[in-house]
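At position 79 of the sequence shown the residue is numbered 79 (full-length UniProt numbering), and the sequence of numbers has no breaks.
Hints are computed from structural coordinates only; laboratory data are not their basis.
Please read these numbers as outputs of a predicted model, since none were measured by experiment.
One should not assume that every hint holds.
Straight-line alpha carbon distances no greater than 30 angstroms define the calculated BS3-like cross-link-like pairs of lysine-lysine that follow [as the list claims (entries may be wrong)]:
no.: 1; residue 1: 34; residue 2: 103
no.: 2; residue 1: 103; residue 2: 79
no.: 3; residue 1: 79; residue 2: 4
no.: 4; residue 1: 79; residue 2: 58
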Amino acid sequence: MFTKRFQEAKSYEAPNHHGCSGLRLQGFEEGGPKNQWVGFSQFLPGGGAGPDSTPFEKVYVVLDGEMTVVVDGDETVLKALDSCTIAPGEVREIVNRSNHVCKMLVVIPYPAGAVQ
Numbered sequence: 001m002f003t004k005r006f007q008e009a010k011s012y013e014a015p016n017h018h019g020c021s022g023l024r025l026q027g028f029e030e031g032g033p034k035n036q037w038v039g040f041s042q043f044l045p046g047g048g049a050g051p052d053s054t055p056f057e058k059v060y061v062v063l064d065g066e067m068t069v070v071v072d073g074d075e076t077v078l079k080a081l082d083s084c085t086i087a088p089g090e091v092r093e094i095v096n097r098s099n100h101v102c103k104m105l106v107v108i109p110y111p112a113g114a115v116q
């Protein structure tokens with residue numbers, strides 16, 4: 001078993017994100033997961049990401065607050081403990097339209113050629 005404490009999480013900047021603070025909870029380190037990494041993102045009101053896509057799927061799990069996910073013009077508001085899967089190549093935009101910080105987990109496979 002590989003345990004990592006929250007206080008040990010390293011910050012990272014995700015491309016095309018704004019008003020966001022990210023911490024890597026698991027992944028990209030010796031003893032960690034071999035197939036995916038887990039991020040903890042905190043989005044300020046008005047913060048978000050995209051529109052863009054990735055060549056791999058990703059899973060969002062909202063822990064607190066709410067996040068609007070826009071795909072093909074359709075908007076879905078995720079609230080606490082709601083989740084969604086974004087398919088490979090699917091263009092998405094996310095935006096925190098509330099006045100509260102949105103906290104969410106992001107689970108993403110490693111990119112091709114990444115060193116775990």
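Outcome of the hint check:
As the CA atoms of residue 34 and residue 103 are separated by approximately 25 angstroms, the hinted pair is consistent with the 30 angstroms bound. A hinted pair counts as satisfied when its Cα atoms are at most 30 angstroms apart, and residue 103 with residue 79 qualifies at roughly 10 angstroms. For the given pair, residue 79 sits about 26 angstroms from residue 4 by alpha-carbon distance, which is consistent with the 30 angstroms threshold. Between residue 79 and residue 58 the CA atoms are separated by roughly 17 angstroms; this keeps the pair inside 30 angstroms, and the hint holds.
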